[in-house]
Amino acid sequence: MNLPKLPIGRGIEALEAWMEDQFGPIFDFIRIIIGSLVDFIHMALNSGPSLLMIALLTVLTWFLGKWKLASFALIGLLLIDNLGYWDNAMETLSIVLSASLLSIVIGVPLGILCARSGLIQGIVTPVLDFMQTMPAFVYLLPAVSFFSLGVVPGVIASIIFAVPPTIRLTNLGIRQVPGELVEAADAFGSTPNQKLFKLQLPIALPTMMAGINQTIMLSLSMVVISSMIGAQGLGADVYRAVTQTKTGTGFEAGISIVVLAILLDRMTQKMVNKNKRQR
Amino acid sequence: MSIIEVNQLTKIFGNEPEKAIPLLKQGWTKERILKEKKLTVGVNAASFSIEAGQIFVIMGLSGSGKSTLIRLLNRLIEPTSGEILFHGSDIVRMNAKELREFRRKSMGMVFQKFALFPNRTVLRNVEYGLEVQGIRKPERQEMALAALELVGLKGWENSYPDQLSGGMQQRVGLARGLANDPDILLMDEAFSALDPLIRKNMQDELLQLQATMQKTIIFITHDLDEALRIGDKIALMKDGSIVQIGTPEEILMNPANRYVEKFIEDVDLSKVLTASHVMTRPETITLERGPRVALQLMRDRGVSNLYVTDKSRRLLGVLTAEGASAALKEGLALEDITLEEVPSVSPGTYLNELFETMAATKIPLAVIDDTKRLIGIVIRGAVLAALAGNAVPEAGEAG
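Just so you know, the sequences run in chain order A and B.
Using this note's numbering, the letters of the first sequence correspond one by one to residues 1 to 279.
Using this note's numbering, the letters of the second sequence correspond one by one to residues 1001 to 1399.
List of simulated lysine to aspartate or glutamate pairs, DMTMM-like, C-alpha gap at most 25 Å:
id: 1; chain 1: B; residue 1: Lys1233; chain 2: B; residue 2: Glu1261
id: 2; chain 1: B; residue 1: Lys1025; chain 2: B; residue 2: Glu1083
id: 3; chain 1: B; residue 1: Lys1137; chain 2: A; residue 2: Glu183
id: 4; chain 1: A; residue 1: Lys198; chain 2: B; residue 2: Glu1098
id: 5; chain 1: B; residue 1: Lys1311; chain 2: B; residue 2: Glu1341
id: 6; chain 1: B; residue 1: Lys1233; chain 2: B; residue 2: Asp1369
id: 7; chain 1: A; residue 1: Lys198; chain 2: B; residue 2: Asp1181
id: 8; chain 1: B; residue 1: Lys1200; chain 2: B; residue 2: Glu1189
id: 9; chain 1: A; residue 1: Lys195; chain 2: B; residue 2: Glu1139
id: 10; chain 1: A; residue 1: Lys195; chain 2: B; residue 2: Glu1189
id: 11; chain 1: A; residue 1: Lys198; chain 2: B; residue 2: Glu1101
id: 12; chain 1: A; residue 1: Lys195; chain 2: B; residue 2: Glu1078
id: 13; chain 1: B; residue 1: Lys1271; chain 2: B; residue 2: Glu1353
id: 14; chain 1: B; residue 1: Lys1105; chain 2: A; residue 2: Glu180
id: 15; chain 1: B; residue 1: Lys1238; chain 2: B; residue 2: Glu1078
id: 16; chain 1: B; residue 1: Lys1200; chain 2: B; residue 2: Glu1353
id: 17; chain 1: B; residue 1: Lys1097; chain 2: A; residue 2: Asp186
Treat the hints as calculated values from the structure; they're not laboratory data.
Hey, can you work out the whole structure from these sequences and the hints?
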């Protein structure tokens, strides 16, 4: 028996066209918002000469991780500067930070909703699975058709790829708050919001930070893919090197990405530990 | 006046729990309902009332439904049916806002595993119940500090719970439960997680606190000794139902059925009963009377000693038959002869603390209250009868 092929592909394309028609102005608005966020962060990161910025970042890392982290930051960032990738590294950093920031803004409330309602969790979980396992290239295309080429669809694609850990671990962190503590909060007459802000979020914070750390790492891993749709930065350097088979340039840009990745990872981890010690 | 009145309170766990209510009324057992309807009976038609100022102990083994029952009282678990009247208004019918208000103002709770918030200092833990009410910081800190002082934790307010020992943590839990000055304090196996010595200390301290605070305390425990020590009234639970409610003596002396009997079988009565349970009425005489009257009295009542008191019944000593006849021969008044000293105990002394004193003297021990007034005497026969589980002979048979 020969069953007809299900028209999933055509359906998706029709949906894409319909959404473009219907929500065009909304997409434009989102593009402007995200574009200005990236520009703003980029401007802040470029507000001084590279050596001054390196000094500032080194001081910041010293507060978080003392000598070990600060010396790594100093050497790593000087290396990026020396290789001539400073501007592009800051471009990449501004994309990654924008995507991470927006992921937190979207992910934390969603995670809280999931923790409050089993129904919402039941709906959101498979969607997250879908987002994480669908090859990232696939949603570059609708991102481009909604937001045109450039840095914005790159940020959007990064958010789709990177937001799941924040949602999942916010949900998990809140659900892991011991039942007796929740009972105690209830027994003393807390409103749901008082319970959330006075008990659940503070206790879930280390778990949530682990999710945010993952989100940052994942959005950093999207930089090369985003460069295919016109996002600038280190990703574009790597992409260009690959297409032109320039192994040396590829490695230089790659090392710069690695430095950024380790730096961001250690900084967020230190924030988690600092938080644990404070409680 | 009863502060809490619980009528036919029932909790069934599972889907469509209401279906089990008529079945329970028809006399289906817990097992049958679980087997045929896949519903778990948590609490089955519990009814009791609690007087203000009482320590009401709900006791039972694990799985008897006692923890469910206490959580029904402040609706941490929603009852399936029944009513809980607090000063006449039904807690079960309160909406979310009224319930919150009730929990904030009228009920405190202390938990088995303390349930202190690990991210808050001791002081901020104790403040919690006041904080959610929206009480301003200086005021609530003052109230929290007072509660901490009450439980003997002054000076620890800036520590974190994990820096304290178990006993101290539970004091914080107690202070947190008391900080909003609730009418009712729910204590869910509050001392069960503590080691035996500290548990006993905490029981004593709770009784001391209770003597000054006069809260209504509902105390859950699986430990019969604990129930007997602190309970004014005890409700014994089995399989979700209350089997017997009564004072500790009522339960010990008149167990309602075989289950209760088995339960109390191993109780060391000497650690439960006090001098006040076994004391009988003493034969007394005042000093103004003469030795002749004293001897006559002894002959009439068939006793060989009289307890000499002043007019306000304060104990002065014991007059023996020999002492009285010697006085008679020498023509002395009672005031001029030396009275025998008699060991005295307070009414709250446990029987096991009496044995040694009793062994050392022939004269029955005097029981005196804290104003030194003689309120009774302890004779050996009464102690033995009580330990054998018999009711204490009525006063007047003293010898």
